[in-house]
Amino acid sequence: MARRVELRHLSARYGALTAVQDVSMTIEPRSVTAFIGPSGCGKSTMLRAMNRMLEVIPNARVEGRVLLDGTNIYGRMVDPVRVRRTVGMVYQQPNPFPTMSIRDNVLAGVHLTNRRLGRAEADTVVETCLRGTNLWEEVRERLDEPATGLSGGQQRRLCIARAVAVEPEVLLLDEPCSALDPISTQTIEELIGRLREDRTVVIVTHNMRQAARVSERTAFFSTDGPGTPGRLVEYDDTATLFSNPRHQQTEDYITGRLG
Amino acid sequence: MSNATQPPPAAPAGRLVVPPGARSTGDRAARALARAGTGAAVLIPVALIAVLACQSATAPGGPGEGLGRLLAWTLCAATAAVAAGLPVGVGAALFAARFAPRRARRALGTVIDLLAAVPAVAYLLLAQGLVNPAGGDVDRAVLAGLVLMAAIVPTIASLSHGVFAQVPFGRMEASLALGATRWEMVRQVVLPFSARTLRSTAALALSRALSEALTLAALFGGVRPDRLTWPGDGSRSGLWRLLLSGGGLGPFALAAFAVAFAVLAVGLAARALTARRPRGRPRRERAGRPDSAGRGVGAPLAGGRLPGWSGAVLAPACLLVVVLLEALAGAAGLTGTLVGWAFAYLLAHLLVVWAVEGSRSAADTGCRDLCAVAFALTVLPLVSLLVRAVLGAVASPAVFSSAPVLTAVGGTLATIAAATVVSVPVGLACAVWSTEYAGRRGARVVASLADAAVSVPPLTAGLGALAFFGLLAGPAQVPGRAAAGVALCALMIPYIVRGATQMLDLVPPALREQALALGAATWSVILRVQLATASAGLVQAVVLALSRAVGAASLMLVVSGSAPGPTPGSLPGWIVDRFASGADGLWAGVAWLVVIVVALELAGRVIPARHGPRNNP
Ligand SMILES: Nc1ncnc2c1ncn2[C@@H]1O[C@H](COP(=O)(O)OP(=O)(O)OP(=O)(O)O)[C@@H](O)[C@H]1O
Ligand SMILES: [Mg+2]
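Heads up: the sequence lines are chains A and B, in that order.
Add 19 to the 1-based position in the first sequence for our numbering, that's all there is to it.
Add 406 to the 1-based position in the second sequence for our numbering, that's all there is to it.
Treat the hints loosely; a few may be bogus.
[Unchecked claim] Here are the in silico distance ranges between beta carbons for each label pair: (1) A/G246 / B/V729: 57 to 65 Å; (2) B/G576 / A/T274: 57 to 65 Å; (3) B/G764 / A/R228: 39 to 47 Å; (4) B/R846 / A/R228: 42 to 50 Å.
The set of hints was computed from the structure by calculation and includes no laboratory data.
Since the model is a prediction, treat every value here as computed from it, not as a measurement.
No residue lacks a Cβ here, since even glycine has one placed at the ideal position from N, Cα and C.
Just chain B, with the same shape it has in the complex (with noise of 0.2 Å):
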């Protein structure tokens, strides 16, 4: 028997079976502390759900008329906005990551991650300007299918885009010297290693498409005012009874939480049909023709390539002909003109390289040219986002620094900075528990309910966080920024524990089994091997995850920059706040947004870069 007072035996080699009570304290506090945070990053979503749940259920007016039709409308939305952002957003990532030049294909990446931090309210705002200028009700649900498009095209284009550059070299590389184009490449290997991920993007795109469709309700009284028994007038006082409506929540949070519970269910139900996913039938023989450009013995390398200068010849030849055939039509707009040569020229393009080069080029050409077109698409609001916080900050730049702006930017900062305080831990202990202590059952529940919480949508979080301190405080006292704080936590944890599990993943398994065969403790293999090895991919997932949460988040912000507490301070709420009341400062919140997210993207890439080995190319 062994107990504490005994001195620890000299020779490591002298007892083999140590009782559990007695094993080092820094394997049981590490343990320990795993198990805490592990704790702690399921508690606290769940607890937000619940606390909505229950104050759904006794809410005073009951679900009332209004409820069912702002769910139909929600769902009709966001079904429209996926069903036209999926292959919008997919092809963008393909064309960032395997399609761009190669030297190009880094910054594109970036420019993809950037996109995806963007909080969607700016989208919103911006997509409504385009789509629905007049101001009126967006109460077509297909046109607020289009404005809700913008939102979630930069979230699919992001994570598709990960798990597209995480693609196996090697893998790549043999389909290719198999002779493969790079199109046949990409569907021989990538989108194989990638279906799952797309699957669950898609899943994680609906909900939040669901989230910022009530977002829309909210801004913008999608749902028309008179027909519910809230009020939607947009400003904020508007916003904040219409969440908080008579002391209890709203059929918004009504909604809200059948929406986050949908999402679970379709989830976990999902995770769990794709994992016994049966294997592949054996495929079919293809009887095709043979190809102009298969092999054939002794066939030419050199021949049959379209010249380099054929695109100088035929993109002024395709201006040419829109341009008659406008005149002679009668019509003329830039737009119109812009739109008509992009299309002439991707058919022309299509079309010669078929006659030329053959069906095989054909389709490589015509899958990279529509690629590269979702990826102008997909840029397009971040871009014409930047032109116009720019003019705006040119036009009036003592708003840019007037005390209110920098208040609500300090406001922004403070909160995130607190949530990530107490996220970030809490994360990795979890994905530590996940990985080291849970054994495979274990990691696979820790997995799903990640992926499942990762696809609640943001506003649940933030009204679970309001009803929270509503219930602690009194619906009049809600700490505005306290509680964007806890609902940022419960964005940010599962997108932690999903990133740091697949890093942590990455540390190859010789790594580990070396230092426990040199006799290291388990605590301190976890420690020196384990995180070390990672720390790298592990701080890029927690600035990942800190970017798509502040991305995800806007709604939440705006709801606690409008609370009726005492410090109202964020910049989406600011920025809701000038939308509505019309004054100045807009787009100065909107720069101000934006350079947060990039100072955050950025940080994100440089501090990993010096931070410790990356394996991967």
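Chain A on its own, in the form it takes in the complex (with noise of 0.2 Å):
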């Protein structure tokens, strides 16, 4: 249940912007793929581009293909819920539904497939997810209380547990640790570790160490300069890329030099 995704020629606009230019790569099933590089050049972008809710965004383009398992996504007979049921996404900016619960969050996702689902069965669904990003012993007490509630680094925890409820088949993982302690950074990471076992996880992050330790393989994306399109500099295994990085681009940016 893991999926291989190739990107093949992907350019992305927001209406005369081009954010993101010509990229193509490939990311294998069952593995942990790291996208790192400076602020605003187009990592986000891309994460949008994989899962089709680029088109969501007013004035949004994409031009080129997204293969997954050899099917591009942007295909005519392609349906875009049901790109979104298999690869899901975790937002930058923590977003819980504040009209539901912590629990009803959760489970907003499992909800909608109208899968037969007990009392019993959905609250282990819950359980495990919290458990599985460091929230449950926070938040056992209070499953009932709104959303709204919980602190920065709580509701995004919550936001990971929704994506993965849904078992998703590749998980977007966007700056998930970047608002989190060294305790809850760590079952993330745990957690991206288990996921690996059997699905394709990207994650985009600014933390180089945490990309070295999680990711097998690295993308550094960046731009030319203010106002040109993002591109893909380098991609490769991550201990090549940071050990020995064939561009100068990138040896700057992780050693430092820049952004």
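Since each chain sits alone in its own frame, please combine them into the complex, following the hints.
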């Protein structure tokens, strides 16, 4: 239940602004891939393009293809709802549904499939997902309270739990640990490690050591200057990229001389 | 101790505790202005209603038997109109805000706002012609309800569109990213977000319907004259006599007052109830069938989806079936064929989607189609109004620019301008007071009052203004235009307060905190941070208030035009006059009205766009 994701000449535009230009890469199933790069180079845009969430934004356009096990997700006969179900995503900003309780937030995606789910089964899903994100102990007493009462970091972990609950085959995580303490970060990294066994995981991070810890392969995105579109500079095994980068730009970035 | 003659301390940190009397002049002035504005904002509508109440209580003839009947008829008609109009209006708004193709949404939103700005009198005339072509009375309340529906659906659509457009993008995105269809996203995020506003929209629609029901009764003699003590022949003088029968206010005014009172009471009670709504109970788990479109391990992404050309096949096929059926039944008629075609197509589309794509897709498609139909129904009156106005103007171009029409245009514009000059500062000051000075309790009170005042029937404001000037100048010398201006103020101020408060609340608290942390005085924070940041939104709120008030104020403008004062002249008055007398120039008047409203609406879109930063996409 993991899928190979191939990007073929993928470009993304917001109105007149080209955010990312001509990206081609292959992401293997059952692996963790890290996207790194300076702010504004189009990492989040890439993730959005990979599960057809870009077309929700007014004025945004995608060119090129994204193949999921060989099927182009932008093909005419493809249902975007199924794509998003298969390719889950956690956003850079935590966005729990404020009208729902914590428990309903975790189950929000599960409810949509209309799967037969008894009370006990739902409880299991909630507990597993919340434990997986190190949130269970903190919220077990107040599962029926509104999710807006949680702290920023708790909301972020709730959103990860919500995305994991629908068991997507590909999971895109946009800076999942950027507001978390070391302990929660470690839990999330363990979760990623478990997901790797039968999913495809892509993680955007600004933490180079995290990228080195969790990912097999790393993609470095960058722009050639302000106002120019982002592009894929280098994509390689994580170990190689960090120890022996082929491009000067990459080396500058990872050694802290840029961005 | 400090006093005014002491020089200000050189170091800002020199004196931390400042007695209230020694606050800076700017701060005191700002606070005083805000307070005065709030006072005026509360006082004007309250005063009008109070005057109307006094006059009603002391009306010479007493209530009489007509009043009960008029009230019952009004209530029935208005309830029928809201019951039928609410789904249509909300559906239309949903379509424009969420279901329509992304590129079309902006334009559709503008169309919906335009709809609401066209004075209801125009819709009433149109619907009356459609539903009741013989021109007989609209004694049957349900029939009247249908006519009223045309007048209130635009308001409902515009208000609900406003709140649908405000749903935070991130939440909708989150829902879609979890694999929700568009309809599921609407149910999961959009409707819960908008529930409270939709409830108050329903209340507002009811009050508009009540008010327009009285308009309808006045225009078309909804309650037969022979059963009442006042004449209702629909002409200008008849209308006037009806409003002020025998020197005092007639049963009509009594009814308007009763309605206003009921609406206020219901509105405040509803707010009090919804404010203390208990948290939603944990929801029952649904035990549904596993869906065919659900996620299975390794489920294919493609397939199970209707190809793009399916519509091009379905539509002609349905037309064929409908035409064949009609030929078999021996019935014919363009309208029937079109309606039958639409129904057949929607049904067939739904069934095919269900068969091929499964139930989730079918629910999505069905809801989108229903909303599209609602949108079409909502826009229909505007389109036919435009067509008629253009045709009428083309048929007799001379009338379009003849002196009496231009006088009426000038009168309407002058009334609107005068009302704007008064109500904008008052409304803004009240909004500033409520966000800056009032504290949480005060802000809640202001918000409740503004909500309740927005839903006071416009007719009540108009009659109140008339009664007020009647008291001052005697019923025969009421200056129609001044009365209309005051009533328009009473209608606009609550809208401005509501809109401006919302806009000021949207200013990120961090901005203000930062300004305060830099040591800025309160008044300069209000002026340079709060008002400046929200400026684009404020302009929009004002224009929206203006166009909503003009749309709601139709009867009141009629009143100003039919008052026996010196200068008659308002477009709605002109329209009703032409309608009653059957003379040329009815549609020239409508065309002018639409032109004014469109200009207002465009101003509301263009000015904010080049006036400051818009933060939400
Ligand atoms: N909704 C939008 N409308 C217009 N432009 C956008 C939008 N979202 C992003 N952009 C632009 O696209 C470019 C790429 O943005 P993106 O969010 O993908 O960057 P990022 O690499 O994720 O940055 P960060 O590390 O700060 O999250 C930026 O120049 C940004 O200004
Ligand atoms: Mg980003």
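- request: Given the range 42 to 50 Å, decide if the beta-carbon distance of B/R846 to A/R228 lies inside it.
  value: holds (46 Å)
- prompt: Between B/G764 and A/R228, is the Cβ distance one that fits in 39 to 47 Å?
  reply: holds (46 Å)
- request: Could you check the hint for me, namely that A/G246 and B/V729 are 57 to 65 Å apart, CB to CB?
  value: Between A/G246 and B/V729, where Cβ atoms are some 59 Å apart, the hint holds.
- prompt: Should the hint that B/G576 and A/T274 are 57 to 65 Å apart at their CB atoms be regarded as holding?
  reply: Hint violated: Cβ distance 35 Å, outside 57 to 65 Å.
Violated hints amount to a single one, hint 2; each of the other numbered hints is respected by the structure.
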